[in-house]
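S.K.: What follows is the residue order along each chain.
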Amino acid sequence: MLDRPLILHGELEYSGPGKLGKRVDMPYKEQTTITDSSASVQRGDRPPRTFSLAQAPELEGFLRGFSALLAGDAATLQRDFDLSASGSAAHWQLQLKPRDERLARRITAIEVDGAQNTPRCFRTHEADGDLGILLVDTLADTKLTTRPSPAQLDALCRGVAP
Amino acid sequence: MRTRRAVLTVLIVWLLALAVLALLAIQHLRISTDLRSFMPPPQTADQKLLMDQIGEGPGSRLLLLAIAGAPETTLAELSRGLANALHKDARFEQVVNGAFDASALDEQLLPYRYLLSPTLDTHTLDAAYLGEQLQQRVEDLASPAAALLKPLLARDPTLEVLALAERWSPPKPPAMRDGVWFSSAGEALLLAETRGAGFDPAAQGAAIDALEAAFHALPNAGTATLTVSGPGYFTVLINAKTRSEADRIGAVSTIGFIVLLLLAYRSVPALLLAGLPVVSGGLAGIAALALAFGSAHGITLAFGFTLLGVAQEYPIRLLSHRRAGEDALTSVRALWPLLATAIASAAIAYLAFFASGVGGLQQLAVFTIAGLVVAGLSTRYLLPRVLPARFRDAAATPGLAAATRFLDRVPRPRWLPWLLLVVSLVVLWRAPGPLWENDLAALTPVPQDLLLRDAKLRGELGAPDVRYLLVLQAPDADAVLALSESLAPQLDGLVKAGALDAVELPSRYLPSAATQRARQAKLPGRAALAIALADASRDLPFRADLFAPFLDDVERARSLTPLSAAVFARSPLGARLASMLVQRDDGWLGLATLSGVRDADALAAFTASTQGRARLLDLKAASESLVVAYRERILRALGLALVLLAVTVVVALRSWRRALHVLAPMSLATLLVLVVERASGISLSLFHLVALTLAAGLGLHYALFFERPVADAAEARRTLHATLVCVISALLVFGLQALSSLPVLRAIGLTVALGVGFHFCLSILMAREGSAKD
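Protein chains in written order, with this note's numbering: chain A, -9 to 152; chain B, 43 to 816.
In short, the hints are calculated from the structure, not lab data. We put the CB at the ideal spot given by N, CA and C, even for glycine. Careful: at least some of the hints might be erroneous.
[To be verified] Only pairs whose alpha carbons sit at most 25 Å apart, straight line, appear in this in silico DSS-like list of lysine-lysine:
hint, chain 1, residue 1, chain 2, residue 2
1, B, K538, B, K564
2, A, K87, B, K538
3, A, K87, A, K12
4, B, K192, A, K19
5, A, K12, B, K130
6, A, K9, A, K87
7, B, K90, B, K662
[Claimed, not checked] Interface residues of chain A toward chain B, partial, derived using beta-carbon atoms under 10 Å:
hint, residue
8, D15
9, T22
10, A94
11, D120
12, L121
Assemble the whole structure, with the sequences as input and the hints as a guide.
M.R.: Rendered as structure tokens:
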């Protein structure tokens, strides 16, 4: 559908289980607020659009994984996802496959790459082939070309030289 | 002296005739179930519309469904599964459960979206607008809405299909969870529109059965429960109830009658033979229905047991009045003048039913009058010839002499009737509750809790009220749509002001041809559009050839003929529009449903300002006006019937004084029935009035027979015996009806049972002049 990837810059705020705020600064202004089970998206001067998370399972799945991960809640992670881990303490990778079949219909897997205590790269593989990548923390300021290749992004996430 | 052969011949011929009648009846009679047969016939245009709408209107074919009893995810899956299964079922026009249904617009009609959607009213497909839209789409792809958009993007970048889906979904939809509708109580909700009319129990029954079968066939139905509600469901319910009640009343009445006759006459042959005139009457009644109407309503046949309550009197009188040494034929000849008067008066009473003009009641009148006449005639001419020669004299029944003496000694103060009269008038004046029952809804046998549940589901689903309709009038269908469009802005204003929750106009589904052409004119040519598109997507990451299907669709839309109602009717939403556009002799009507009307006056003011092109139809008020107008007519017919009864009595007795002895208890008893019903807070309906006349017709007989001067005490005892048996069997039949759960049967049963009781007591007190001593 697109001939080059969409690249957004902004800030992600995690305020506790089920509460996420995503502010997009570039290339447009958008504020998404997620509380419990509904998401509210506000763009520019338009009025905010609210919808239930049930209509956006990818978001809900991501939120659950993210919450559990940051809270160190291994039990919830285990319950909602099929986990497999690889790597070392310096560079680790966690693969989460959703157990909930409704979610699995939309997301095949979420890969989390991190170093030490911090996750730095979240990759959401969608069932229809699209890939969503979230680079946070130290990786957030990486300068990317307009058309980064999958290999480059992979290397970036793993923390190895491309 | 009759020979055995003569007796048998008569009997066999009689039975054969009955068998032939029965066969004819079964072959030719159809049973109808349209409940509108028991409503007064419509007179004004509004009332006619009311009757049409109740059966066929937009709201009458909607079934409200709720699924509960499982976790949320399962409920949502069941909702989707059920919707899918019903899509393929021809009995359902449409099933909506909140999930976005791209098939709402037929594949072939998809290019029409540019003519149907209001977008082109305010925008043009130029580079500026397209640029803004495409930018939004890019942002949408990065947002949670991406999953919804991806399939549509290439063909419909301005998302007209979504705009239409939003426009066509119910104005106040329920909450959405997991992509389908959920109620505030956590049930999955669906709306199903049947093909069959709301008042057709057969079609609705088939649809509801198919629905439940489809539900239970779903893989994870398990413990989940499906609740169905709506006019069609109630129709099926009432139908089943009526049938089971009719069966029950019939069975118990028959058994009771048999036991009673056995006790009274202690002779099985007498019992069997006494049944023959009644059975003849019944079959004659059915044959009369088949001849006159071709079909009988189920409720009429259930009511038909009132015939039993009336016609049983004739053979009973004959059986009780036989005396030793007298041929049955002689007895019946002696009785015949009074019996004939009795038949005539009952027939007059039932003519009141006929005058009511209500289809179902007219059928009842034909059935009963035919039955009565045949029962009476067969009692006069056929029964005496087949009765066994040996019988017990009724005057010798143990306890009867004591009863007669007791009744003779009962004090009969002359002031008693006057006292009763005064007390009655006082009670009537001070009675609680309104005198007249104007609300047709009070006649519905549907239990209150089911009605409440329906109202609740209706509120949750945002389904339209069944009370108010906005009626638009114009020469043809397109003019109706144009009128609808012109009224839309004012109605939206009323919605914003809070006068009502929502209004669904026909033009919401299909704009008028003029509007479609206006939008069509604004569509750019292919070349111009391609340039605008390229301009708009210059800095955006879309693939170059992505929007080719969009260009194709717009080009096709430029040369389409505007969509007419007839063509739109073939799409999934066509049935919804078809029920909102009705053709009449003098033009077309558009019916707009209203939800949550809070300020009917504001609406009335609005319609007044349209100079008659739009009208607010209050279905409840229309039905009440129907009832009131009809009541006038019934009261006149009843008055006439009562006058005729009085005249019959005077003619039969040939003496004013004797007539007074008969008419006084009859009138007072009628008054007392009214008093008792009013004192218990019952408001009188059409059916109470008609039943009063019937009770008067019956009660007349008791007075007539008691008033008759008798030769000796034995004859007086026989009269008492006959009357007691009649009263008890009448009380049995009508008393059972009084216990029915159907308000109509209850009204008639209670009134007649009370009437029979009061007529009997007052006749004894006031008609008998004292008896000859033994």
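S.K.: Against this structure, judge whether each hint is valid.
M.R.: Hint check results:
no. : hint              : in the structure
1   : K538/B <-> K564/B : violated, 30 Å
2   : K87/A <-> K538/B  : violated, 48 Å
3   : K87/A <-> K12/A   : holds, 24 Å
4   : K192/B <-> K19/A  : holds, 22 Å
5   : K12/A <-> K130/B  : violated, 43 Å
6   : K9/A <-> K87/A    : holds, 22 Å
7   : K90/B <-> K662/B  : holds, 13 Å
8   : D15               : violated, 13 Å
9   : T22               : holds, 7 Å
10  : A94               : violated, 12 Å
11  : D120              : holds, 8 Å
12  : L121              : violated, 12 Å
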